[in-house]
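Participant: Spelled out, the chains give:
Number of protein chains: 4
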Amino acid sequence: MSTAENPVRAALAAFVAERDWARFHTPENLAKSIAIEAGELLECFQWNADAEAERVCDELADVLTYAYLLADRLGRTPEELVLTKLELTRAKYPVERARGRSEKHDRLPE
Amino acid sequence: MSTAENPVRAALAAFVAERDWARFHTPENLAKSIAIEAGELLECFQWNADAEAERVCDELADVLTYAYLLADRLGRTPEELVLTKLELTRAKYPVERARGRSEKHDRLPE
Amino acid sequence: MSTAENPVRAALAAFVAERDWARFHTPENLAKSIAIEAGELLECFQWNADAEAERVCDELADVLTYAYLLADRLGRTPEELVLTKLELTRAKYPVERARGRSEKHDRLPE
Amino acid sequence: MSTAENPVRAALAAFVAERDWARFHTPENLAKSIAIEAGELLECFQWNADAEAERVCDELADVLTYAYLLADRLGRTPEELVLTKLELTRAKYPVERARGRSEKHDRLPE
Chain A
1 MSTAENPVRA ALAAFVAERD WARFHTPENL AKSIAIEAGE LLECFQWNAD
51 AEAERVCDEL ADVLTYAYLL ADRLGRTPEE LVLTKLELTR AKYPVERARG
101 RSEKHDRLPE
Chain B
1 MSTAENPVRA ALAAFVAERD WARFHTPENL AKSIAIEAGE LLECFQWNAD
51 AEAERVCDEL ADVLTYAYLL ADRLGRTPEE LVLTKLELTR AKYPVERARG
101 RSEKHDRLPE
Chain C
1 MSTAENPVRA ALAAFVAERD WARFHTPENL AKSIAIEAGE LLECFQWNAD
51 AEAERVCDEL ADVLTYAYLL ADRLGRTPEE LVLTKLELTR AKYPVERARG
101 RSEKHDRLPE
Chain D
1 MSTAENPVRA ALAAFVAERD WARFHTPENL AKSIAIEAGE LLECFQWNAD
51 AEAERVCDEL ADVLTYAYLL ADRLGRTPEE LVLTKLELTR AKYPVERARG
101 RSEKHDRLPE
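Residue numbers (the working numbering), protein chains in the order written: chain A, 1 to 110; chain B, 1 to 110; chain C, 1 to 110; chain D, 1 to 110.
Check the hints yourself; a few may be wrong.
No distinction is drawn between identical chains; accordingly, a pair holds when it is met within one copy or between any pair of copies.
To be verified - Listed next, the in silico SDA-like pairs over lysine to any residue satisfying Cα-Cα at most 20 Å (straight line): (1) Lys92 / Glu52; (2) Lys85 / His105; (3) Lys85 / Ala10; (4) Lys92 / Gly75; (5) Lys92 / Lys104; (6) Lys92 / Leu74; (7) Lys85 / Ala53; (8) Lys104 / Pro7; (9) Lys85 / Pro109; (10) Lys104 / Tyr93; (11) Lys92 / Glu5; (12) Lys104 / Trp21; (13) Lys104 / Leu74; (14) Lys104 / Glu79; (15) Lys92 / Asp58; (16) Lys85 / Ser102.
Source of the hints: derived by calculation from the structure; they are not laboratory data.
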């Protein structure tokens, strides 16, 4: 689905257009923004593993918003990016070797 | 759309289940993972504003993948998180005050 | 101690000068570099709280290196930055209110 | 210089001890804290390359503070970490190949 056809991405695009903010949304600035928001998300878990769900949702929403805007700038949909990468990851982590293990692919047992 | 009905999230859920990886995917670990991948995305732009599109897509896909998994852990869809936050942001950044400006809402001119 | 008098900072400055790398070390690029290296440091702890000490030292060294270079660009020493901030933090977290608590200052009990 | 002999690290250690905060300062929590503060530092440069120097100093101080605390937890000084890594980096980036170039060592011309 292109941006025009997806209601969430269409709402984001309209929001940005009304404010004339596309000028700020270079790929580099969006990448910085994703890292900044990822830090705020991580802050929910700074001193312990539990966090208030509403706060986590709020910060995750910011990460997703900038990630959607960057995908759009690259002319890709989030869905195709995730699925394309999933195929690569599937090949790197075969079920029989990776099952129940958290090591990186180059450290998995043969 | 619930995870079961969304083909991308269903593919991710199956990928994780086959590898028995849900045990590693606590909200805290997923938040760390998003921050780690956000750093790798930022690395595409470390020394200049231009970056190879394929590499950016690849790193953005990792951010999105962990963000989708965290949304799922929270029982929310990425779409509803983005739209809920967009309503809040709309209220904080009215068009007439925010148009063409990159300041934070509390620094915008009245 | 100014950079010239501090052996670590003098070694870093010489390393950069020999390679003609100061041109890349704008404050913005150094801030990005710190965030990138902080992500690599965090990766040591991605799936569990234990990490190999040597790997942690290696990644922490990268964070420190870019942090020292940024302090230098700002004409400040790391020591004075840390001490100045410590005074502010001391005022925000009085011993009697903050003892044994991890909340942010605005959530501490009176 | 050990922590006891270095005035900045001694001040930090006293600050933490008075508040009984060492219990929160696991290596993992400190690594998260460094990433969180690195995000706040990056926020100074979110939409443009210029940033207010005082704000940058303030955020950089937070990164340095947690980095110093982590070094201390690892039984190392920031100085030795930086110098040890510098030797490794020197070997990876010989002056004649790296001069004036920002590529990673494995992409430098022979």
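Participant: Which hint numbers doesn't this structure obey?
Facilitator: 1, 4, 6, 8, 9, 11, 13, 14
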